[in-house]
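So the protein lines, in turn, are chains A and B.
The numbering used here puts the first residue of the first sequence at 1, with every later residue one more than the last.
The numbering used here puts the first residue of the second sequence at 1, with every later residue one more than the last.
Warning: the hint list may mix true and false statements.
Computed list of chain A residues with no C-beta within reach of chain B, every gap over 12 Å [what the hints assert, rightly or not]: (1) Glu11; (2) Glu16; (3) Gly64; (4) Lys118; (5) Asp177; (6) Glu183; (7) Leu195; (8) Ala236.
In silico DSSO-like links for lysine-lysine, alpha-carbon gap of 27 Å or less [said to hold, decoys possible]: (9) Lys56(B) - Lys118(A); (10) Lys56(B) - Lys82(A); (11) Lys237(A) - Lys26(A); (12) Lys194(A) - Lys211(A); (13) Lys208(A) - Lys194(A); (14) Lys141(A) - Lys56(B).
Facing chain A, from chain B, some residues (calculated, C-beta under 7 Å) [as the list claims (entries may be wrong)]: (15) Glu143; (16) Gln144; (17) Asp146; (18) Cys150; (19) Met151; (20) Ala152; (21) Val153.
Since the hints were made in silico from the structure, they are not lab data.
Glycine residues also receive a C-beta, built at the ideal position from the N, C-alpha and C atoms.
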Amino acid sequence: MDDSKEEIAIELVGVEKSFGRQKVLKGLDLRVPVGKTTVIVGPSGQGKTVILKHMLGLVKPDRGEVRVFGKDIGRISRRELKELRTSFGVLFQNAALFDSLTVFDNVALPLRERTRMKEEEVRRIVDEKLALMDLEGSGEKFPAQISGGMRKRVGLARALVLNPKVVFFDEPTTGLDVNKSNEIYRLFHKTQAKLQYTAFIVSHDVPKIFKLADYVALIHEGTIVECLPPEEFQLAKNPRVRAFVEETMGPIYSSQEEERGFYGFHEKA
Amino acid sequence: MKGRSLLGLCAGETSFSMLIIFETLGDRFLYYLNQAGRMGIFLGACLLSLVRPPYKLYPVVRQIHFIGARSLFVILFTGAFTGMVLGLQGYYTLRKFGSEGLLGSAVALTLIRELGPVLTALMVIGRAGSAITAEIGIMRNSEQIDALECMAVDPYKYLMAPKFLAGVISLPLLTFVFDMVGIFGGWLIGVGLLGVNEGAYFQGMYSSVVWKDIEMGIVKSLVFGLLIIWITAAKGFYLHLERSGGFGAEGVSRTTTDAVVLSSVTILVWDYLISAIML
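Turn these sequences into a full structure, and let the hints steer you where they fit.
Spelled out as structure tokens, the structure:
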């Protein structure tokens, strides 16, 4: 990663974390640059969500540091952490909507609890965000009454309602069909272009997610193997990355050499 | 191996099993200490959030509706029958000493000082306390509490503070209703059915119930209100840290049961303590 010029939003340095006897993160280093989209990929159960929880300050590292805009969030006070979180937006894996509130109230909650906006103002902003997510007319429904894809969109609307600086996505398309996930990606693209936020995505959806990413990081056994722009990632020589790319994308992309040879073959013919 | 340890002949294995006993004991002790610690921190954080602005009335009213108003029917029902049985039992006991005239004061004092606050608290635990643990527990399970924290919305302020306020407001009022209905239940049986003199029933009550009795009832119901919300909310809030497995639907049901048992027992222990201190 080109780290000399870019401003860093979040940085993990030597983070270690165990749950019981199981060591999940083993000295993990990762940087999330400002304004860019960083995607973390890797098999299930490798601690991708745990990394996310560290960044949000929900879990504290056993060793190492998690710096968000230069501040070590393991050492700051609750008040400072709260302050920091005001610049966050999170889309949880299962959307984590408040199931006893309507869609409208879910999206309105951050505005009502964190700002002193008048109710008309709240209504205007929430309606606007719901429209942005193509959710007009669903405001009065409860989360249990809408589909999984809609729930994710409501979660996204809620995450974006306060115009955050950093947005975290925990598996934004898991459990959705192709059309629905394309829809989420389209909305992601649209909103990021509009709001210019830094994005950190935990995802399984390879190779589609590469199109959105500025950087792709592969996690393996508690450490980051490589963190590279997607084109370089797909062509990387590191055997772990190779194995992952081949496994998820098929051998056709497997190496630049092969492709060259392939075209070379045609030229000769 | 098994046979040898059954015979208990090997000294090495005896000390090994002793080690296991101590290890288990120490482990349990540390777990409960840990739990007590986090419950204490939870209470502190909740009480602190009560005094921190902003103060919103609507959530408190909603919780009073849930904890208080919707418990009213149960309280009316149990209050009436408790009073009636006190009238019945009291009458047959007092008749042995020829002092049926004291029935009014016996019923009133029992209700105001003991049964009113305790039974109201137990009813509220069963109706609202269990619901609070389940609600908060499900919110914890489905990451809704994490979501609140990530939105920089204080879960103590947003979820807990209205419940605490509502508990402390509702319990004394429900206890008052319980006592009133109970006294008239006793009157219905004692005076209406068993023929105790109505004047004696109320006059005895009037002369024997003093402010100190009522004060005790109020203190108890305030403390019980706080205890119920504290235990049931904290159990739900720390569902993920429960050792017996706090995950999934079963985790919620088990934790809810634990919360109901623990808060009921705590109520009875504190009932004794408050009585002992105030008498």
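Quick rundown of the hints versus the structure:
{"no.": "1", "hint": "Glu11", "in the structure": "holds (19 Å)"}
{"no.": "2", "hint": "Glu16", "in the structure": "holds (21 Å)"}
{"no.": "3", "hint": "Gly64", "in the structure": "holds (21 Å)"}
{"no.": "4", "hint": "Lys118", "in the structure": "holds (14 Å)"}
{"no.": "5", "hint": "Asp177", "in the structure": "holds (23 Å)"}
{"no.": "6", "hint": "Glu183", "in the structure": "holds (22 Å)"}
{"no.": "7", "hint": "Leu195", "in the structure": "holds (16 Å)"}
{"no.": "8", "hint": "Ala236", "in the structure": "holds (33 Å)"}
{"no.": "9", "hint": "Lys56(B) - Lys118(A)", "in the structure": "holds (14 Å)"}
{"no.": "10", "hint": "Lys56(B) - Lys82(A)", "in the structure": "holds (20 Å)"}
{"no.": "11", "hint": "Lys237(A) - Lys26(A)", "in the structure": "holds (23 Å)"}
{"no.": "12", "hint": "Lys194(A) - Lys211(A)", "in the structure": "holds (18 Å)"}
{"no.": "13", "hint": "Lys208(A) - Lys194(A)", "in the structure": "holds (21 Å)"}
{"no.": "14", "hint": "Lys141(A) - Lys56(B)", "in the structure": "holds (25 Å)"}
{"no.": "15", "hint": "Glu143", "in the structure": "holds (4 Å)"}
{"no.": "16", "hint": "Gln144", "in the structure": "holds (5 Å)"}
{"no.": "17", "hint": "Asp146", "in the structure": "holds (6 Å)"}
{"no.": "18", "hint": "Cys150", "in the structure": "holds (5 Å)"}
{"no.": "19", "hint": "Met151", "in the structure": "holds (5 Å)"}
{"no.": "20", "hint": "Ala152", "in the structure": "holds (4 Å)"}
{"no.": "21", "hint": "Val153", "in the structure": "holds (4 Å)"}
Of the numbered hints listed earlier, not one is contradicted by the structure.
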